[in-house]
Amino acid sequence: MREGRDAREERRRRWIDRWAHRVIFLLSLTAIVTIVLIFIFIFREALPILTDPEIQREASLRHFFHPMEGPDLASRYMWQPVALVPKYSLIPLILGTLKTTLVALGIAAPLAVAAALYTSEFAPSRIRELIKPAIELLAGIPSVVLGFFALIVLATWMHRLFGFETRLNAITAGTALALALIPIIYTVSEDALNAVPQSLREASLALGATRWQTATRVVLPAALPGVFASLVLGFGRAVGETMIVLMASGNAAITSWRFTDSVRTLAATIAAELGEVVFGSPHYHVLFFIGALLFVVTFAVNSAGVYIIHRVQRRLRGEV
Amino acid sequence: MNADSRWSRIASSTIAAVSIVVMSACSSRAPSERARAVTVKGSDTMVILGQRWAEIYMQKHPGAVIQVTGGGSGTGIAALINGTTDIAQSSRPIKPSEAEQVKAKFGVDVIETPVALDGLAVYVHESNPVSELSLAQLKAIYTGRLRNWKEVGGPDLPIVLYSRENNSGTYVYFKEHVLENADFAPAVQTLPGTAAVINAVAKDPKAIGYGGIAYGVGIKALKIKKDDASPAIAPTLENVATGRYPISRELYFYTVGKPSNPVARDFIRWVLSPEGQAIVTEVGYYPLPEEKRHEVARRWEQQE
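Quick note, the sequences are listed as chains D and E, same order.
Here the first sequence stands for residues 495 to 814, numbered as in this note's numbering.
Here the second sequence stands for residues -7 to 296, numbered as in this note's numbering.
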């Protein structure tokens, strides 16, 4: 009698276990299905650019990348989607995205990597407990708040400091963007530095190296792939970030190499124009094409970053 | 590591709490109330005006709910076509292609109702000695042919151009009436909203920008000459109402036929009344001249 109850209890527990397993599996599947559906939707809306001759007369790959007639660079590559003859050159947008990304990485990378090196190798644990959450808290600031700060405060400071011709430009937007990249680069770099085996540090110190020598010539080189991965992830974020650049870059689609010119990025263009665009028009499909382009680039870059991190972790565990 | 997980826990619980509050706020709205709500969507230039109208109307008619949102004239008309708004506010006339879409989708003609007048002001920084420009000069500046303030009688400084985003009725109006459909120079910076343009101009002595007169606080609005021979006209109430100021336009409501919602119908009738038009002045735009108002109100009543 007693054994019968135990067996029933056991069966009941197994049943719950099995169902919990299935529910959790389904939930995790939802995430994957969602990504796949988004992927399909964006590419389906972008496809007419490559297939529909009606759309292609106004917007095709040739319009995106081929120069028009014009006296200078800026007039050969133009983004003027609302015009009698719409002009859909993606060159100024791609150039603008690269310029802000370059500025942002140029500022964020040295700062974040140096901060990671300091907290993992030099800082006493009390200071470390203060710096680490503070930097990570930076990741929690909504990007629209960072953008607003950049538009109202940062742009004015930098305009006074450097005397830019245009108040909102690639450098201002890149600087604001750097604030969003620092936590990403810092967190991943710090993890990579912490993952370097203690035995390496001890060996270096035992051989008479100073702490500085140990940090820069032993620990940092050992963690280099992880640090590189953090920069790759930062790049992915910078390319896709929308709100900060929308507010702080001035959004002028100028084809030029000068970093003090105002820029318009791919992501900001979608945000600014998709709300109004006529459903199914060439302009609409062009914006989705840009979205697909961003999706592919950030997906590839982020996958590469994650792949490198996995490789490093396995190597440090001695599995490769 | 410890601190790390603590922060992420705090962050995730905050997100959870916020989303619960938001969800409950959305679901607590009674369905009957939602059924009666009139939505008004469109032009950013008209948002303040629309909200003020809605506010006063709702005070006078307890129980009526009117929700006004912006997004740009194009956004409002797109919403009208998609059937997601009762009234579209627009600072530009509807395009024939858009009107056709409404007709094709609902089988009814779109009704255009002018509700107010607006002058487009051209702003410069307070310290800029330039006080007037002709339409031709303005066109040359915004298409990038004139690039220095000294070419229009100002200091030897480059001109920094500000504009609205291309989803705004103000952008389209400026492009059609001032640039005569020529393209904006690539160096034109586009900012989201007239307030952002004003903010940028107020901070940069080299800047020029344009937008609705209602927003014009803290900067200098230029006098505009229709051509070199005409006098320079300031964007004032009388000059816009009499049509002397060269860059003025009508602001519209668009509806799909006469709306079936009685609140929407009564709201529009009220906006066209002397009482509704008085609010236009209060907000800083220009009421329809009395004759025009009568005509528009009569036309509205005669619609089926």
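Just so you know, these hints were derived from the structure itself, not from any lab.
Treat the numbers as computed from the prediction; the structure is a model and nothing was measured.
Cβ coordinates follow ideal geometry from the N, Cα and C atoms, glycine included.
It is possible that some hints are incorrect.
Said to hold, decoys possible - Below, in silico cross-link-like pairs of lysine-lysine (BS3-like), each with a Cα-Cα straight-line distance of 25 Å or less:
| no. | chain 1 | residue 1 | chain 2 | residue 2 |
| --- | --- | --- | --- | --- |
| 1 | D | Lys581 | E | Lys131 |
| 2 | E | Lys142 | E | Lys87 |
| 3 | D | Lys581 | E | Lys250 |
| 4 | E | Lys97 | E | Lys250 |
| 5 | E | Lys131 | E | Lys195 |
| 6 | E | Lys52 | E | Lys250 |
Stated by the list, open to error - Computed footprint of chain E on chain D, listed as stretches where at least three residues anywhere in the stretch have a Cβ under 8 Å from a Cβ of chain E:
| no. | segment |
| --- | --- |
| 7 | 569 to 581 |
| 8 | 650 to 662 |
| 9 | 743 to 757 |
Which numbered hints does this structure break?
Hints 2, 3 not satisfied by this model.
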